[in-house]
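Colleague: Residues per chain, in single letters:
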Amino acid sequence: DAKTTQPTSMDCAEGRAANLPCNHSTISGNEYVYWYRQIHSQGPQYIIHGLKNNETNEMASLIITEDRKSSTLILPHATLRDTAVYYCIVRRGGRDDKIIFGKGTRLHILP
Amino acid sequence: DVKVTQSSRYLVKRTGEKVFLECVQDMDHENMFWYRQDPGLGLRLIYFSYDVKMKEKGDIPEGYSVSREKKERFSLILESASTNQTSMYLCASSPGFGPQHFGDGTRLSIL
Numbered sequence: 001d002a003k004t005t006q007p008t009s010m011d012c013a014e015g016r017a018a019n020l021p022c023n024h025s026t027i028s029g030n031e032y033v034y035w036y037r038q039i040h041s042q043g044p045q046y047i048i049h050g051l052k053n054n055e056t057n058e059m060a061s062l063i064i065t066e067d068r069k070s071s072t073l074i075l076p077h078a079t080l081r082d083t084a085v086y087y088c089i090v091r092r093g094g095r096d097d098k099i100i101f102g103k104g105t106r107l108h109i110l111p
Numbered sequence: 001d002v003k004v005t006q007s008s009r010y011l012v013k014r015t016g017e018k019v020f021l022e023c024v025q026d027m028d029h030e031n032m033f034w035y036r037q038d039p040g041l042g043l044r045l046i047y048f049s050y051d052v053k054m055k056e057k058g059d060i061p062e063g064y065s066v067s068r069e070k071k072e073r074f075s076l077i078l079e080s081a082s083t084n085q086t087s088m089y090l091c092a093s094s095p096g097f098g099p100q101h102f103g104d105g106t107r108l109s110i111l
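Chains as they are written, first to last, in this note's numbering: chain A, 1 to 111; chain B, 1 to 111.
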């Protein structure tokens, strides 16, 4: 699987949009970009994924650049409950495709 | 919403005991996974299953076994618990090529 690079930590004010970047310059054509987050002492939570088009769901939006070498996860109105470690990964999918998290971005939402 | 339920959030056992960790998913997913998560080592795949009665070894299967008698249930068994198996255990499920959804984890301590 392609490697990803994320900032170690970020701060965002409550109520503002949180924009989390991810670089994946070696992504292959058949690999998807996935985002998960993990709140302290809980299991990882799936957020969103995409191949090349921008995606939006009830939790977040995913913007993927045209060359697919980077992406941004957007939490439109951050709340204190969004404080977590956010992981960006790229994977082919499929039944034997294990999840490997990097170090992720520790997002602090400030009141 | 996808629901992956792990039988215990916290568990304390003694060395040499046989330990059972249970996981149930309610979305009729084909694939189920067991990971352990340790500080500094990230997420590591123990076993996975892509069908009833089918199982495949992950990266660290030694000391563990699994059972999948029904589609919705995937059990992890520590045959003879040892202190180095103290960890956070995470179960996940996914449809054929879709995202993996995780349970809240079982924090297992072996004394």
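Be careful, since some hints might not be right.
Take a look, some chain B residues computed to stay more than 10 Å from chain A by CB distance [what the hints assert, rightly or not]: (1) LEU11; (2) LEU43; (3) PRO61; (4) GLU79; (5) LEU90; (6) ARG107.
List time: in silico SDA-like cross-link candidates among lysine to any residue, alpha-carbon distance up to 25 Å [as the list claims (entries may be wrong)]: (7) B/LYS53 with A/LYS103; (8) A/LYS98 with B/ILE60; (9) B/LYS3 with A/SER70; (10) B/LYS57 with A/SER70; (11) A/LYS103 with A/SER70; (12) A/LYS98 with B/ARG68; (13) B/LYS70 with B/SER82; (14) A/LYS98 with B/PRO99.
Simulated coverage check for chain A against chain B, where a stretch passes if three residues somewhere in it have a Cβ under 8 Å from a Cβ of chain B [claimed, not checked]: (15) 41-53; (16) 97-110.
Hints were generated in silico from the structure; no laboratory data involved.
We treat Cβ as the ideally placed atom computed from N, Cα and C, and that holds for glycine.
Colleague: All hints, please: hold or fail.
Modeller: For each hint, the structure was consulted:
Every Cβ of chain A is farther than 10 Å from the Cβ of B/LEU11; the closest lies at roughly 14 Å, confirming the non-interface assignment. The non-interface label for B/LEU43 is inconsistent with chain A: the shortest C-beta to C-beta separation is roughly 5 Å, within 10 Å. Against the 10 Å criterion, B/PRO61 stays outside the reach of chain A, whose nearest CB is about 13 Å from its own CB. The beta carbon of B/GLU79 sits about 22 Å from the closest Cβ of chain A, which is more than 10 Å, so the claim that it is off the interface holds.
Look at B/LEU90: its CB is around 5 Å from the nearest CB on chain A, not clear of 10 Å, so calling it non-interface is violated. The claim that B/ARG107 is not at the interface with chain A is violated, since a C-beta of that chain comes within 10 Å of its own (minimum 8 Å). A C-alpha spacing of about 34 Å is found between B/LYS53 and A/LYS103, which places the hinted pair above 25 Å, so the restraint is violated. Using a Cα cut-off of 25 Å, the hinted pair A/LYS98 and B/ILE60 holds, with the two alpha carbons roughly 12 Å apart.
With a C-alpha separation of about 31 Å, the suggested pairing of B/LYS3 with A/SER70 is violated against the 25 Å cut-off. Between B/LYS57 and A/SER70 the alpha-carbon distance is near 33 Å, which puts this suggested pair outside the 25 Å criterion. This hinted pair checks out: A/LYS103 and A/SER70 have alpha carbons roughly 17 Å apart, not beyond 25 Å. Restraint check: the Cα-Cα separation between A/LYS98 and B/ARG68 comes to about 18 Å, which is no more than 25 Å; the hinted pair holds.
Proposed proximity of B/LYS70 and B/SER82 is contradicted: the alpha carbons are some 28 Å apart, above 25 Å. A distance of roughly 11 Å separates the Cα atoms of A/LYS98 and B/PRO99; the hinted pair therefore holds under the 25 Å criterion. Look at the segment 41-53 of chain A against chain B: 7 of its residues bring a Cβ nearer than 8 Å to a Cβ of that chain, three or more, so the hint holds. Beta-carbon proximity to chain B at under 8 Å applies to 5 residues in the segment 97-110 of chain A; the threshold of 3 is reached and the given coverage holds.
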